[in-house]
Amino acid sequence: MSDQRQRQVDAIRRHIGEVENDLVDELVAGRIDRREFLRRGSVLGLSLSSLGVLAGCAAPNVTRVSPPQTKPPKAGGTIRTGIVAPAAALDPIMISDEGGLAVLGQSAQYLVWSDKNLTLRPVLAESWTHDHTGRVWTFKIRRGVSFSDGTPMTAEDVAATFNRLSDPKVGSNALSNFDGVLSKGNTKAIDPYTAQFTLDAPNGNFPYLVSSDNYNSVVLPKNYDGGWDKTFIGTGPWKLESFTPNQGVSYGRNPRYWGQPTVAERSEVTFYAEEQAQTLGILGNQVDVVAHYSVSGGRALITNPDVRTTQFRSSSHRQIHMRTDKEPFADKRVRQAMALLLDRRALVNGLLATKSDYGNDSPFAPVFQSTNQSVRQRQLNVAMAKQLLEAAGKGAGFSTQLLTLTHFELPDLAQVVQNDVSVAGINLKLSILDPGSYYGSSKFGTSPWLDSTMGITDYGHRGVPNLLLTAPLSSKGPWNAAHFRNPQYDQLVAHYVAALDLGAQRAAAGKIQELLLDETPVMFPYFYYFLTGARLNVSGVETTAMGHVDLSRAGFA
Amino acid sequence: MSSFGEPIGSSVTAADSPAVAEPTVGPGPDEAKVIRREHLALLLRSKTFIAGALILGFWIVCAIFGNLIAPDDPLRTNPVAALQAPSSAHLFGTDTLGRDVLSRVLVGARDILIVAPLATLLATAMGTLLGLVTGYFRGFVDDSLGRLIDAILAVPVVIVGLLSMVALGPSTVTVIFVIAVVFTPVIARTVRAAVLSEVQYEYVAAARLRNERAPYILFGEILPNVMGPVLVEFTVRLGYAIFTIATLSFLGFGIQPPAPDWGLQIYQHYGLISGGYWWPVLFPALAIASLVIGVNLLSDGISQAFER
Amino acid sequence: MTRFIAKRLGLGLITLWLLSVLVFFGTQVLPGDVARRILGPFASPSAVTALNKQLGTDKSVFVQYLNWITGLFHGDLGTSVATRTSVSSIVFPALWHSAKLAILAFIIVVPLGILGGVLAALYEGRFRDRLISVGGLSATTVPEFVWSVVFILVFALWLGILPSTATAPPGSGFLTQIEYLVLPALCLVFVLFGYIARMARAGTIESLEADYTRTAVIKGLPYRTVVRRHVLRNSLLPTIAVVATQAGYLIGGLVAIELVFNYQGIGQVLYRAAIQKDFPVLQSAVLIVGVVYLVATLLADLAYSLLNPRIRFESSS
Amino acid sequence: MSATAPEPTAVQTAPALELRDLEVAYRVRGVWREVLRGVTLSIARNEAYGLVGESGCGKSTAAFAALRYLPRNGRVMSGSILVDGEDLLSMNESQVRQLRVSKVSMVYQNPTAALNPSIRIGDQVAEVYALADGGSDGSDERAREMLSKVQIADPASVMRRYPHQLSGGMNQRVVIAMALATNPSLLILDEPTTGLDATVEGEVLDLIKTLREEFETSLLFITHNLGVMAKMCERMGVLYAGRLVEEGPVADVFDRPSHPYTVGLLRCIPRGGVRKDKETLDTIPGFLPQLGADLPACVFADRCGLAEDICRQQEPPFHRVSEGHCSRCHFYDRAHTLPRTTGAPPVLGESARQEPVLQARGVQKTFHQEGHAIHALNDVEFALKEGETLGLVGESGSGKTTLARLLIGLSPPDEGSVVELDGAQLAPTVSKRERDQVRALQIVFQNPDSALNRRFSIHRILGRALTMLTGQRGEEREEHLRQLAHSVRFDVRLIGARPAQLSGGLKQRVAIARAFAGDPRIVVCDEPTSALDVSVQAAILNLLVELQAKQKVAYLFISHDLGVVRYLSDRIAVLYLGRLMELGPADQVFESPQHPYTEALASAVPTAEGTERERIRLVGEIPSAASPPSGCVFHTRCPRYIGDVCKTEEPELKEVEPGHFWRCHYSAEQLRELQKTPPKPRV
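Residue numbers (our numbering), protein chains in the order written: chain X, 1 to 557; chain R, 1 to 308; chain C, 1 to 317; chain G, 1 to 683.
Derived by calculation from the structure, the hints in this document are not laboratory data.
Take the hints with a grain of salt, since some may be wrong.
[What the hints assert, rightly or not] Calculated pairs, BS3-like style, for lysine-lysine (alpha carbon to alpha carbon, straight line, at most 25 angstroms): (1) 278(G) - 385(G); (2) 53(C) - 169(X); (3) 230(X) - 53(C).
Sequences are here, hints too, so could you generate the full structure?
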């Protein structure tokens, strides 16, 4: 590498902190590849320019990922997009479903955008830094941004937004994310263009919590008080034209938008109650884009020549929990046996038409960079399963109920599981409820989900494994359907969350993965890909694993 | 009142008035058998009846011996072999979980052929009871029950089904219950009409004139005379029951997986036809259609025979 | 006559009241917690209780019923807990959608059905009759979603001549809307034909066998005239009533079709409301469907008695 | 009467109707059953030809064949039908239509059903003209004329009305108007007055008579009522089992019946004021053969008292008895010697007890319809002694049946009405009455088909009645059941049969047996024979008399047939608009002086002798019970109308002779005087 380049590098390395320098060393040593370096760097708040320079010192053997070459779309036209109908009121604070956040994302924006590679891109925040402990995070807010109603956006609005979200009385849907991380009133506007977060505990991944991954965290005017679905107020590229509940929204360009104007003239978003109908919609040319489709509902699209499918990994998955405190799963050998009986290959290749990663019975999806790849993948092994059952005194098999809900491929998964375990004489009785009945009150004792002996639950994508490690598995986890109580595990998770540098995170991850493989309170059969369909003449659609669909750059060839 | 008025007089020449003439049968107890035999003969001569019986018969056989006939285990999933087009290996192809569609269609007859008749039977029983009571005791009972029936009828069948299924949780038992509840009023109406015309007959008055109690008059005297309409109604309702059950399954509130129910199969796969995967949808659809048509042919044949 | 109408109206109201009770307490037994349903399974309990209080879903059932009814009397159908919009803003557009579909279907099926029924009656017992009545009945009892699926397969995907959804793009003209509604309407035609034909057939046969028809024939009237003037006049009366009773089914009974065609009709509203435990929508929507049904039947009765001198005069004299 | 009509002269042109060896069969449950077995008859122009016979003999079939209008399951097997000499069977559809338009038309019973309920009368009549001369505009005008021809007072308004708004009689006039509209050469009348009230029947018959003279139409008149036949026709034919067994001038046939069946028929009907204590009615043994049954050479042989082997071997030829009078019987010359089947009348000993079994005082019944009250019964009172028969006569709406249902407790009387059994007030409804009261007071309904549960065997029907009324069980009950069956002459071997398998007579016997199951004191007979053929009717009447003699049971006998009532009753009560008009010993009621209404009623009845007295025309329709006339309810139609007194004050029910009451302002003497001469028609 040239001296001049080396000088730049040193110059930067002198200004950045310890953690950042470790990262650079790892890169130079080739312990992480360039992509991961960029991702981590973005989290730590290194500016993209300096990241670019530093990335230059990556070990030569690292292959560079080049973005797919598609010629830019022509301006103008109306882009028609199909999404799953929002399940509930369009209130940014309350939204909890994919349809809702997809709509939210059209006209409102986040401080930070977490793209499909989980790399953070500055949006309303220009840059961010943290103190050495990782407790205090400071964000520089972009200048010259105004809401669609004309009022300029400042750090005041940012502070108001996050204090609102972290206020238990408001009962926002983001509370579960901020729980134990950010408390009400700890977000301050230092000056009109600087916002500061003081966390309850150190958190290396905090920027994800103010990014699109924490989808409720769109920046709203400080005086916002409900009624969003009348105005669709926000700082985004699109401006509301008309909204018909249960039917759809149409947008025009936002004349006050601070960034590049949208490629397409207008955007029409159509809600589909049934994924089946959505599939028919794009095939019948009723829409140009389906923001997100599942293999179960959209299999037709995968093979259809008129539709281009773009896919990327996500941490969306299914959890098959087994009550660790109750027969027949009290004995961990039984749980292991169950996991060994799962034919994951068949699931991935058949049920998910290969659009999926293998799950290894822990929340550490391949997509997370902290995931410890060295842990061996659990494979189908009927013989061992039978031995384990024998040893656990269940050689003759047993029978219990498998509970799940009518949601995408879950009923199918349930049937496959039922079928897979039957070889060991295990008889699962299926009970398939509608979502409302399945989750019930979501409180222990009054929720089929949390009380069932065995059940399959759908978990959406998360940018970081943190929540997935605590809520469903830690002793006090509110979603701990497996009733898994393991102090050692809780400890490991605490370490992992606190760990700031990747090495430490990987180390902790490894231990957690091993422990979960041994205990197997929950089976993670697969982490499926995020699939987006668009008609051939459409390009520039960007989606995130969270379910956001950015149409600002979308247009027709 | 009017019906107790002056001689109707028509009976004088009833025997040879040109509306289809009936013989005045002379004495001879065995005549009853003769009539019954003639009815039967008529049934067996009616093509619709035969056709219906054959179709229904076929499905009944499938329902009973399905697992023996079926080339494959209708429940054995094999995701890797999902959605294979019809071939010599799988005549009707395979579904999303790689199960043999033919086998599922054959065995699928079972659930519906158990649930539908049971439900219809229950509905017919309750409906007949209701119809008898409302038709015989007019006044308050009739009015109030009538209103209630109206109220129920005012809500579309599917919605009532939907609500009850959500409320009671989907299960075969619930399906039976729901269908029964939904059909009872309809049947009650028909029976009530029949009863209204029966109570005009003086044998009812005659019964009261020997101090018979209402229950005996209802079930002992009137019921046997309205069995004809009831039977026809039953067969017709059976068709609608299949319809409704299938619809409920299609909405995901009927018979539950992994049961190879036809409506369920369509529900699980209809989104796929657009992708050219028509076989997991078409064959169950045809199955439903054929069964329904079979039942209708049958009921049509029966009502024909009894009208003659 | 007025007596008659008043009586029917009175009864209708009682029925409505019963319906409201049935619906309300029926929906109350639906499992699942409203706020939880809105906030999703992963929302924090505190949020849930807060929302329940805000929605009033924590009050006793009876209080809720009273609130609802009083609301109805003030023309307020309540607020959807799912979309937080007024129920009327959801239900009435949907109602209009369903109505459009229903009307189109009726326009096609009623003449067809009556024609078929009369033909069947004229050829009673012959092949044509069997074909029409059995074929019709079968078409009726083959579930509409089976038809929808088949029609989409054929017309939308194989032939590609008709859209696969029923919702026309916003602001599209009359004809376009029709074009989008053709397929679902066709399904309805299949479902209704047999039913109407059956009634028309029964009525026609009855009056074909009546003495007055004999009189007409013996007068020496040409057969066509006998049928047109003497038979149909009486035979089609019952059919009217039947057609009307189908309104209830058409408005709200079409869940399956509306789902397959992604049509925002009242049926789909009901379906979603049921799934989402959106009580206000569910209750009001069901009630409105009930009203539609009762009004339709009332109108039918009126039409019937207006066209039928026997009733017209007895009630007046 | 035959003097009034032109004598059938040698037919110069072709006869109006001619049937030659006509054979017609119905296909019932897949089998062809013969209805007409080679009928040959011809009706000359301007001739009135009557066809009598009992159920299933094929009367109506013959009629409809003459229009080539058979039911879907009927077919002409052989023979020919000629109308004005044209062969009907060889015509094509349009020719047949033309024929129906111009030459033949028909009137049948139940006129209200015969008119289209949803078309105005005017249009229905006009239609015919429109048809006759290709839809000319004058048809309305001509319809009005025609309606006035059938003596409809206000044709204009009637034309604007619908059938259900007119009375049966009125509708029948309309039907007749339509039938005669195009001046047909042949008018077929199939039981045109069955089901109409006596007075109305009389009017319609008169009308037909006058019109046919005016229009010079030939009549084919079908009836089961010999009286009507005698009144209306010149020539008659007797049908039995699809065969014409006797034919000839009405007078001849009635005087010298030359076929055993005809003889039997004539003996069956109570004539010349015979009474139950004088002689029993003769009956015809056996049953009417069922449709298409195999019959011996002489179809009547099986039931004939004169039958010998020859009757079964060779079919009797059509013997000529006298000019135009033929009989299909080997022994036509001694047909009248047919032995009687029934013996001397039973002895009806006067009952010792004088105090009445049943006592009714001030009986009222009010129905409420759509707000306004209808007084179906008004202050009715009578007493019934043990073993006596009270005949109850009156026209529709007079309240006969209401009274019956009220006595047996099927519908409760108004408050204050008194009905006593052996001096004990009876509860208003049967369910509240003692078992002994219930069993003491029973009824025989008009129509056994309706009165017997068609699903049950006779055994069950009677058995159940015994169990409920007498509380008997097991063998005791079986024994009693056999006696019961025997007492009504019901063959015990048929005990397992169901009603549908029995003939009307047998069914009525069962109904009677059921009424007698609990040894009743009083049996209400509501038109028990009006649904039956005359031969069967006779048997039933005899049975009733016999049972009365045996068991000292009292009858309340309701009938519209005055002949029957007179035969059976000791006393007679006449009802009009729910009021008792006259009540007295049978003979006195039938002889002058009688209440004007009774007078009119009696005069309206055609008798088989044909020797009827001048019929008294009653003007207008029976008023509706909803708004009865002021004063004497009969004043609007009374032929002996006095004046305002009748309008203003309602006469008391006064005793004019010992045991003879009536409700009229006239005294017995006045009426006796008046009734020497027929009243002059009121306008």
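To see whether the hints hold, each was checked on the structure:
As the CA atoms of residue 278(G) and residue 385(G) are separated by approximately 21 angstroms, the hinted pair is consistent with the 25 angstroms bound. Note on residue 53(C) and residue 169(X): the hinted pairing holds, with a Cα-Cα distance of about 12 angstroms set against a maximum of 25 angstroms. Among the hinted pairs, residue 230(X) with residue 53(C) is consistent with the structure: their alpha-carbon atoms are about 23 angstroms apart, no more than 25 angstroms.
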